[in-house]
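Participant: Got chain A; can you put chain B on it based on the hints?
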Amino acid sequence: MSFSDGIFAEMTDVVVRCDREGATELARRALAEGVPPVRALEEGFAPGIRKVGDLWEEGEYFLPELLAAAEAMKAAMAIIEPALREGGGEAPAKRGTVVIGTIQGDIHDIGKSLVAAMLSAMGFNVIDLGPDVAYARFVDTVREQKADLLCMSALLTTTMSGQGDVIRMLEEQGLRQDVRVLVGGSPVDEAWSKRIGADGYAPNAMDAVRAAERVLGLEKAGPGGA
Amino acid sequence: MNILEALAQRTVLFDGGLGSALIARGLPGGAGPERWNLERPEEVREMHRAYFEAGADVVQTNTFGCNLVKLESEGIGEREEEINAAGAELAVSIRPRDRFVSGDMGPTGKLLKPHGGLDPAAAEEAYARQALLLLGGGVDFLALETIFQLAEAEAALRGIRQVSEGPVLVSLTFERKKRGFFTIMGETPLQAAERLGELGVDILGANCTLTGDDMVALAEEFRGVTSLPLVMQPNAGQPRIPEDGGPPVYECDHEEYLANMMRMADAGINGLGGCCGTGPDLIAALRQRLDQR
Numbered sequence: 000m001s002f003s004d005g006i007f008a009e010m011t012d013v014v015v016r017c018d019r020e021g022a023t024e025l026a027r028r029a030l031a032e033g034v035p036p037v038r039a040l041e042e043g044f045a046p047g048i049r050k051v052g053d054l055w056e057e058g059e060y061f062l063p064e065l066l067a068a069a070e071a072m073k074a075a076m077a078i079i080e081p082a083l084r085e086g087g088g089e090a091p092a093k094r095g096t097v098v099i100g101t102i103q104g105d106i107h108d109i110g111k112s113l114v115a116a117m118l119s120a121m122g123f124n125v126i127d128l129g130p131d132v133a134y135a136r137f138v139d140t141v142r143e144q145k146a147d148l149l150c151m152s153a154l155l156t157t158t159m160s161g162q163g164d165v166i167r168m169l170e171e172q173g174l175r176q177d178v179r180v181l182v183g184g185s186p187v188d189e190a191w192s193k194r195i196g197a198d199g200y201a202p203n204a205m206d207a208v209r210a211a212e213r214v215l216g217l218e219k220a221g222p223g224g225a
Numbered sequence: 000m001n002i003l004e005a006l007a008q009r010t011v012l013f014d015g016g017l018g019s020a021l022i023a024r025g026l027p028g029g030a031g032p033e034r035w036n037l038e039r040p041e042e043v044r045e046m047h048r049a050y051f052e053a054g055a056d057v058v059q060t061n062t063f064g065c066n067l068v069k070l071e072s073e074g075i076g077e078r079e080e081e082i083n084a085a086g087a088e089l090a091v092s093i094r095p096r097d098r099f100v101s102g103d104m105g106p107t108g109k110l111l112k113p114h115g116g117l118d119p120a121a122a123e124e125a126y127a128r129q130a131l132l133l134l135g136g137g138v139d140f141l142a143l144e145t146i147f148q149l150a151e152a153e154a155a156l157r158g159i160r161q162v163s164e165g166p167v168l169v170s171l172t173f174e175r176k177k178r179g180f181f182t183i184m185g186e187t188p189l190q191a192a193e194r195l196g197e198l199g200v201d202i203l204g205a206n207c208t209l210t211g212d213d214m215v216a217l218a219e220e221f222r223g224v225t226s227l228p229l230v231m232q233p234n235a236g237q238p239r240i241p242e243d244g245g246p247p248v249y250e251c252d253h254e255e256y257l258a259n260m261m262r263m264a265d266a267g268i269n270g271l272g273g274c275c276g277t278g279p280d281l282i283a284a285l286r287q288r289l290d291q292r
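Heads up: the sequence lines are chains A and B, in that order.
Taking numbering that gives the first Met the number 0, the leading residue of the first sequence gets 0, the next gets one more, and so forth.
Taking numbering that gives the first Met the number 0, the leading residue of the second sequence gets 0, the next gets one more, and so forth.
Here chain A stands alone, though its shape is the one from the complex (with noise of 0.2 Å):
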C-alpha cells in the first residue's frame, strides 16, 4: 500500500469544492491507498475547512458554500470515523459532544444551525436544541449527554440574558466546572461574554469552530484527536 502526498492536497480540494461524493470517494480511497485516518483529517480534510472559512471572509463564499462544504466535510468523517475507531486505541472517534440551541423566546435558527453544522464537519458530536430552548432544558442536556461544550445564540437584546441565567443554573446544579459555555448571536460581543462568565464567544461559524478548539483546548489536534 502506498500512497502520494498530493492525496492531501486533492482533500483540501474536494471540500473547497463542496463536492460531497468526492469526497467520499477520496476518502474511501485514502484508506484503501494506507493513508493514516488520523493523516486524513489533519492535513486533509480539515484545512479544507478552513479554507472554506478563509473565502467566506473574503467575500468569495457565502452561506450555501459554507453549508455545502459542511456537507462535503461530513461525508468524509462517515468514512474516516470508524477508521479512527477501529486503527484507534487512543484516537476518540468524536473530539466531545456540543450541546448548542438558541436561547428561550427566541426563534432564530439560520445563525445557531450554521454553527452546528461547521462543528458537526469538524467532527464535534453535535446535539442541536433548535430554536427557543427552555433554560432547564440547555441544563439537563448537558447534564444528561456530558457534554464538554454548550453554544448558546441570542440573536435578540431582550433573550441575551437568559445566556447568563444557564451559566448560573450550571454553577447552581454544580455542572459549571465540567462544561465549556460559548456564546454568540448578532448583539452578543465579548465584553458580554465576559460578564455573563462565558468561557468564549464567536461573531461567526468560522470562528465558532475556533474558539470550541480554544475554549476545549485542541487547537494542535485535527478532527479524531490524535
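Rather than coming from a laboratory, the hints here were simulated on the basis of the structure.
One or more hints might be untrue.
Partial chain B-side listing against chain A, Cβ under 8 Å, derived [as the list claims (entries may be wrong)]:
#: 1; residue: S72
#: 2; residue: E73
#: 3; residue: L110
#: 4; residue: H114
#: 5; residue: K176
#: 6; residue: R178
#: 7; residue: F181
List of simulated lysine to any residue pairs, SDA-like, C-alpha gap at most 25 Å [said to hold, decoys possible]:
#: 8; chain 1: B; residue 1: K177; chain 2: A; residue 2: R49
#: 9; chain 1: B; residue 1: K176; chain 2: A; residue 2: R38
#: 10; chain 1: A; residue 1: K50; chain 2: A; residue 2: E64
#: 11; chain 1: B; residue 1: K176; chain 2: A; residue 2: E20
Given the structure is predicted, the values throughout are model-derived calculations rather than measurements.
For every residue, glycine included, the Cβ atom is placed at its ideal position computed from N, Cα and C.
Facilitator: Then chain B, alone, in the frame of chain A:
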C-alpha cells in the same frame, strides 16, 4: 394617485424604524412588536401617527413578523388573521389624505430548500395569506422587507401575485464585501433586479444592516442595474447594548445620516426612509431637507 405615480413624481418619504421605536417605548424584548397590535394597540397607533405627523408619505404596518411560518414558530399561528387585520387597521384608520400605508411583510426566519428546510410552496402560501389579510385591511400596497435570500422574495412574489396585481415593493438586506454588495446567500443587486423583475416586482429597495456611506454606494450600484423605482431605508448606526443592560442604543451622527440620505436622493433614489434606530425626529428632519431641496 397611487404609490407608483408618487414615486415617479417626487422623492417619497417612508417612515422610520418601528420595532426599535416600540422598544424605546417600553416593548419588552423577546415578544415580537406585533403582539402590541392586540395588546397595546394605542401605542402602535400613536407610533404611526407620530410618523405621519413627522411628514412621512408612507407608514408601514406593524406586521413584519406576521406571516404564518413565523407566527407558527412563535406558537401563535392561530392569531394570524386578527394580528394582521389589527396591524392594517391601526395604520389605515389614521392615514391622512394623499398619504399611503404599506402592508409590511418580513422574512419567514427560515432558509428555503435546498439550503434549509422550508418548502418554497409553504413560503408562497404564507405570503399569499398575509397579503390577502393586509389588502383586506385597506393597505395601499405591499412591502416585503429585510429579505436576505432571493428564493424567499421569489416565493413571496409568486404568492402575492396569486391574490393581487397591485404594487409590491421588495427590499433586501445586503452586506458589503470586498467585491461589492451581496445578500448572505451571495446574491447581488443585479441578480435581484433580474430575478424579481421577471416575477413582476414593481419597486425594489434595500434596508437594514448597512448604514452611512455603504448604503449610498449600494444605492448607486442598485440605480445602475434597474430602471424600477428604488427605496432605500438604512439603519441609523448599529445597535450597542449599554453596560447596564437596558435597551440597545444606536450611535449615529444625525447630520451625517441626513447628508447621506440627500446624496441618495441626488443619485436618483425614489423613496427614502429609516430602519432600526430611526424615529419620528429623524424622519421630520428628513422631511425638512427634502422640502428644501
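Participant: Run through the hints listed earlier and report the numbers of any the structure violates, in increasing order.
Facilitator: Hints 9, 11 are the ones this structure does not satisfy, whereas the remaining hints hold.
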